[in-house]
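J.: Now for the letters of each chain:
There are 2 protein chains.
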Amino acid sequence: MTEITETFESQLSRIHKALDEDLNSEVSEILEDLEPAEVALLLESLPLGERIKLWEQVPAEDDGEVLLHVHDEVRSTLLKDMDPEEIVAATASLDTADLAELFEDLPKQVAEDMLLSMDELQRTRLQETLAFEEDSAGRLMRTDSIGVRADVTLETVQRFLRWKESIPDNTDSLMVVDRNGMFMGVLPLARLVSNDQETSVVELMDADVDVIQMDMKSRDVATLFQTHDLTSAPVVDNDGMLLGRIVIDDIVDVIRDDSEQALMNMAGLDEEEDLFAPVLPSAKRRGVWLGINLLTAFLAAWVIGQFEDVLSKIVALAVLMPIVASMGGIAGSQTLTLTIRGLALGQISRTNSSWLLRKEVGIAVLNGLAWAVVVAAIAMLWFKSLPIGMIIGAALIINMLAAGLCGIVIPLVLKRMNIDPALSGSVILTTVTDVVGFMSFLGLATIFLL
Amino acid sequence: MTEITETFESQLSRIHKALDEDLNSEVSEILEDLEPAEVALLLESLPLGERIKLWEQVPAEDDGEVLLHVHDEVRSTLLKDMDPEEIVAATASLDTADLAELFEDLPKQVAEDMLLSMDELQRTRLQETLAFEEDSAGRLMRTDSIGVRADVTLETVQRFLRWKESIPDNTDSLMVVDRNGMFMGVLPLARLVSNDQETSVVELMDADVDVIQMDMKSRDVATLFQTHDLTSAPVVDNDGMLLGRIVIDDIVDVIRDDSEQALMNMAGLDEEEDLFAPVLPSAKRRGVWLGINLLTAFLAAWVIGQFEDVLSKIVALAVLMPIVASMGGIAGSQTLTLTIRGLALGQISRTNSSWLLRKEVGIAVLNGLAWAVVVAAIAMLWFKSLPIGMIIGAALIINMLAAGLCGIVIPLVLKRMNIDPALSGSVILTTVTDVVGFMSFLGLATIFLL
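Protein chains in written order, with UniProt numbering: chain A, 1 to 450; chain B, 1 to 450.
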């Protein structure tokens, strides 16, 4: 009975210290108690130098599993440190689906060596898996499902299982197939053990189960698992031939990656980004995003530049103008985030988007009015000018209305254009709220104050 | 064999149309094919009026499961539409853990009625579950695990299971307990069916499994499930008595909620927020967040106000100043997002935070220098002034440095203060980048240009 006594934090500082002082036996001792996924997390939590030191001490038989558990970018730092033979050895024990996931990250030469080192069956399986599109059910599935015939009794099935001796991990059901390998239904182990052993499989099997087509998108598979509370599901080809099974373990990874992606993309980051990536490549990658935003910022500055005249006469405008832009930006990002989540959960479609738009416009008007009064009052008191107060209030309402509208429309349009709304949505939105904010405030001021 | 033929989008528009035209039989027909989780998603995707219409047509026997699957805020709109008796009936068929989840959302009177309508055993179980802290393993666990003795043979176990006839959903292992109910190990069904039936349980059981303490936080349970690739785990009390089991289904919900929370909180939203909430309460809730941000905006305006003198003399400064603040904001939010994800994944701790700080400062310096040159050149050409170019370049470097530092330090400090960094981090960061941005740019201008 394993109890969790040591926190990750203390493991990390122990490892850190041991690596620093080159206490290899201490490092091995810590590693011994850890699962591959935990070793992966430790590796991700170390700067490159220490990461490689630790990686070299991970027992070779765990290498494959650990490689599977780290994010892509960390994985390539680890692969770079391995000889081709080491990589081939590390991946020898992996399941085909797992191997396929690693395969495309491998240096070309290593990939070729690996194919050569495989036997015919392994190679065919890997190539079949790689033939499926990335992010499809075919890539996710395991090919180790156990098939049984429909016309035998439960007793026969149990005898067959005892003869096989071991059953693949996470098997909760057996697959019932006909003599041509066509999928007929599933026989849950729970039914197998709780029924009269003379019953035949066909009487007990569940023929009415969710079946996954091999080319279904992995995101849709994840939704199906969640809405139907599945723990495993059979995968079939277009003719209904059984190809394999998908288990919930792999689905958990899909769900986690998906939601990580939205969070990271909203800041223009890649979800595979290594927290401890070296400075130079990180700076380059983030620089691109900063450059895109700089264009936006210059556009806003250009808009302001059109109003130099009024700005040079009334300096209060320069003081107050960021308030209008900022409030629009905040209101817009609330609507945008809600829309992005709604799209991800599948809650938003053509049918209800107009209702949603009306709702967000309503909220924008209410909050626009309420905060316009506050901002106008403060501006009036601060600069002792009624017109300035009126103008900033009006500009605020206009900008918040624009923000509410765009927070719905921009992600919907991007989605229809097959562009990730989480990635581009916030830049476009900020552009709109900056431009509309400065233009309405300084424009109204030019009209009424000059 | 169920095939997925209809997309959610088309279901939604069919439902929408049927509700609009009061075609009740059409609605029932659509509902018939749906799982409770799918009905829940449909309900979440409808405005309040239509939602209630649909809810009234959901078969009473599904009500409980549907209530479990909707977000909190949507749940309360549904509960409001039900009579106390309906609620009691809807929840009668639920598992204790599920019931406990709903229980605290119920109106007080309904909750009391419900307790009265239960039998002694049910009531005790519910009260025991409610006694565990929210978000603890005790709340997550199901109490329907099947216990077997260690000294019997597999054959006896199978006979016992056949006598029971049915096994709870998602049972992949039996729990081995001694005569006092102390947990000893688990017997996976896969082992039960693939071994000699004369073997005794004690020889085959897995005694070295991860055991969850009843008061472990659900977030930590989720991490354990992910790192150890678990599909179920026993829950014990402080003395090692078996209390129940946690299955991966419920963990998937924890993982999804957790990541939704980070995304929503960064925009000042609650993850339980109803996409179709009525305008007034939504406006109120979001208004609070806007108010907090208004304080920030006024602080920035106040900083600008300190430099009215230089602004009134050189209007180019007003045109260019948002660029400095905006670039700082973007750079800071990148670092902040990365830090928040790192904290959520457990990658960041005291040990490596100083390394991380050095890395982010390095990135800030590199990108600051690179973009400072670009911005300075454009500003110089635009306003035909070398000093303005130099000043904006310097201010940009200063602000991006501040952004990089704060993107690490702010979430770490908030975390140590037990404040959610996703919720407050972005407001505080924006305040810093606005204030530092305006102050450095206008301050340098005052020193060198006046």
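Any given hint might turn out to be false.
Copies of the same chain look alike in the list, so a pair counts if it works inside one copy or between any two.
Computed cross-link-like contacts, DSS-like style, restricted to lysine-lysine with a CA-CA straight-line distance of at most 30 Å [to be verified]:
| no. | residue 1 | residue 2 |
| --- | --- | --- |
| 1 | K284 | K217 |
| 2 | K384 | K80 |
| 3 | K384 | K313 |
| 4 | K164 | K415 |
| 5 | K108 | K217 |
| 6 | K217 | K313 |
To be clear, the hints were calculated from the coordinates, so they are not data collected in a lab.
J.: When the hints from earlier in the document are held up against this structure, which numbers fail?
T.: 1, 2, 4 and 6
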